[in-house]
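> For reference, the chains in residue letters:
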Amino acid sequence: MRTLLVMAAAVALAGVAAGCGEKSSVTVYKQGQYQGKPDKQPWDNDQFKGDKAAWEKAVKSRNLGQNEYVRVSGG
Amino acid sequence: MARMKFLCDAERCIECNGCVTACKQEHEVPWGVNRRRVVTLNDGVPGEKSISVACMHCSDAPCMAVCPVDCFYKTSEGVVLHDKDLCIGCGYCFYACPFGAPQFPQDGAFGLRGKMDKCTFCAGGPEPDFSAAEFRKYGRNRLAEGKLPACAEMCSTKALLGGDGDVIANIYRNRVLKRGKGSEVWGWGTAYGKPAQQPAAQPGAKS
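Protein chains in written order, with the numbering used here: chain A, 1012 to 1086; chain B, 18 to 224.
No wet-lab data here; the hints were simulated from the structure. Among the hints, erroneous ones may be present.
[Unchecked claim] Calculated lysine-lysine pairs in the DSSO-like style (CA-CA distance at most 30 Å, straight line):
{"no.": "1", "chain 1": "B", "residue 1": "Lys195", "chain 2": "B", "residue 2": "Lys175"}
{"no.": "2", "chain 1": "A", "residue 1": "Lys1051", "chain 2": "B", "residue 2": "Lys195"}
{"no.": "3", "chain 1": "A", "residue 1": "Lys1071", "chain 2": "B", "residue 2": "Lys195"}
[To be verified] Derived DEER-like restraints, expressed as beta-carbon distance ranges:
{"no.": "4", "chain 1": "B", "residue 1": "Asp124", "chain 2": "A", "residue 2": "Lys1051", "range": "37 to 43 Å"}
{"no.": "5", "chain 1": "B", "residue 1": "Ile105", "chain 2": "A", "residue 2": "Ala1028", "range": "23 to 29 Å"}
{"no.": "6", "chain 1": "B", "residue 1": "Ala149", "chain 2": "A", "residue 2": "Ser1035", "range": "33 to 39 Å"}
{"no.": "7", "chain 1": "B", "residue 1": "Glu65", "chain 2": "A", "residue 2": "Ser1035", "range": "41 to 47 Å"}
{"no.": "8", "chain 1": "A", "residue 1": "Ala1029", "chain 2": "B", "residue 2": "Ala19", "range": "48 to 54 Å"}
{"no.": "9", "chain 1": "B", "residue 1": "Lys198", "chain 2": "A", "residue 2": "Gly1061", "range": "26 to 32 Å"}
{"no.": "10", "chain 1": "A", "residue 1": "Met1018", "chain 2": "B", "residue 2": "Val86", "range": "48 to 54 Å"}
{"no.": "11", "chain 1": "A", "residue 1": "Ala1064", "chain 2": "B", "residue 2": "Gln123", "range": "41 to 47 Å"}
{"no.": "12", "chain 1": "B", "residue 1": "Ser76", "chain 2": "A", "residue 2": "Lys1068", "range": "36 to 42 Å"}
[Claimed, not checked] Reference excerpt, derived from the structure (chain A facing chain B, CB under 10 Å, subset only):
{"no.": "13", "residue": "Cys1031"}
{"no.": "14", "residue": "Lys1034"}
{"no.": "15", "residue": "Gly1043"}
{"no.": "16", "residue": "Lys1051"}
{"no.": "17", "residue": "Asn1056"}
{"no.": "18", "residue": "Asp1057"}
{"no.": "19", "residue": "Val1070"}
{"no.": "20", "residue": "Asn1074"}
On a predicted model such as this, the values are computed, not experimentally measured, just so you know. From the three backbone atoms N, C-alpha and C, an ideal C-beta is built for every residue, glycine too.
This is chain B alone, in the form it adopts within the complex:
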C-alpha cells in the first residue's frame, strides 16, 4: 500500500464546510481547534475557488524536524502522528508547518496554551486502539476500523479525496479527463505531461 494522502479538487469544493463539521463531530474536537478548515480564494468574486486544508501528512514533515522533544512519528502508511504525553506545547511545529495544521487548545482565564492537536488521518495515536485514552487525546481511530477519514468519506461533492495516494490520484486523473478541465490548478503538466494531452472542454460541460 502506498502512502495515505489527501487531495482536494478545487473545481468541486463548494465551501460547505461539511468536512470541518464531520471532523469536529467525529473526534469531539474542542472549541477553538480546527483540525481541518476550508480556505477560499477570491471569496465572493465570481470564479472563487475553495479547498479544504488539514495536515497533509508530508513525506518529509517539517514539524517532525523542528520538534524539540521528538514527539512525532510516521506510521507505515505515511501518516504523521504525535504523542501528546511528550508534547510540551511550544508551538515550533505550528511555525514550521506550511499549512497551519498544528492547533493549540486554549483554556482558562489567561488563555493557557495546551498540547498540540492536529489531523490524525483518523488514525488515532500511540494509545491502544479503540481505547478511551486514544479517543480523548486523538479522536476516533477509523483507519484501524478499515475506514478512511470522515472528512473525505462524507464530502458531498467528493471534492476531498483521502486514502492511498495512487488510488486517489487515479480517481482524480480520470475525473479531470472526463470533465475536460481543472487540471491547470494542480500542476497536471508536471504529473501527467503537457496540458495539451487532455481533451478540450465540451461546450456546457459541468464540473
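Here chain A stands alone, though its shape is the one from the complex:
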C-alpha cells in the first residue's frame, strides 16, 4: 500500500513538474533550399563564351565609369 502511494505521488509530482515547463516562444527560422530552376553564370553565354575574366573586366570598366572625378578631370 505504501509503495503504491509513493508511486502515485511520484507520478503526480512528475505531472505537476511537466506542467511548469516552458518552451521557448522564439521561433528559429531555418533557411530553406532553393526549389526553382538553376541559373547560369552571367559569363556563360554567347557574348563572353565562359570567359569570366573578360566579363569581370567589362563590368569593372563600367563600374569605374561611374566615377566622374576621373572621367571629367582625367584624375
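Start from chain A and add chain B according to the hints.
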C-alpha cells in the same frame, strides 16, 4: 569580385525619377509595379533629401528566409533573384522586406494579385540568358551583357551608384573627401573612422 550593391548619395539625388523611368523602360515593367522609386524626406522643405530605393540585394535577405516555397536564390555576385514559376504570390516577402522592394502586379476587375516582381539588378532570372521568356518574366539581363543596372548607369547626377560594392564604396569615399560633406548621412564614422578625419567644408563648396 565582391558583392553587387547599390549606393545612393542623398547629397546628389535631385528626385528626377530618371532611375525609375529607366528601370520601367528597360524591363517593360507593367503598370502598378515600380521596381525602383525615389523617396523624399521633408518634401518641399528647404534641405529636403531624396534617395532612390529598390531591392538592396541583402546579404542575409529576409525575403529568402520567409518564402514558403523557397523560390529565391542568390547568385555568385550576391544578387538576390527568384523563380516566378514557383512564386505563389503570397506576399510574405513584401511583409518581410524593410525596403518594400517586392511588388505585385494586379490585374482584372477584382485586382487579382500576380506573382512577385522585384529589382533583379538587371541580372534577369533563371530562364536562359537573353531568351524571350527571361525578358517577359524578369526583364533584360544587362549583367550578362557585361553592363551594370540601367538605373545607376543613366543617373544624371551619379547619385545612384551600382556595381561591385568595393568599387562603388571607393568612388563614394573619394567623392565625400573631395566635396568635404555628406558623410554624416550614411554612417561614415562606422565605416571609415571618426568624422573629424574628413576635411572641413570649403566655403561655397558645391555638392
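> Tell me, which hint numbers fail for this structure?
Hint check: 2, 4, 5, 6, 9, 12, 13 and 14 fail, others pass.
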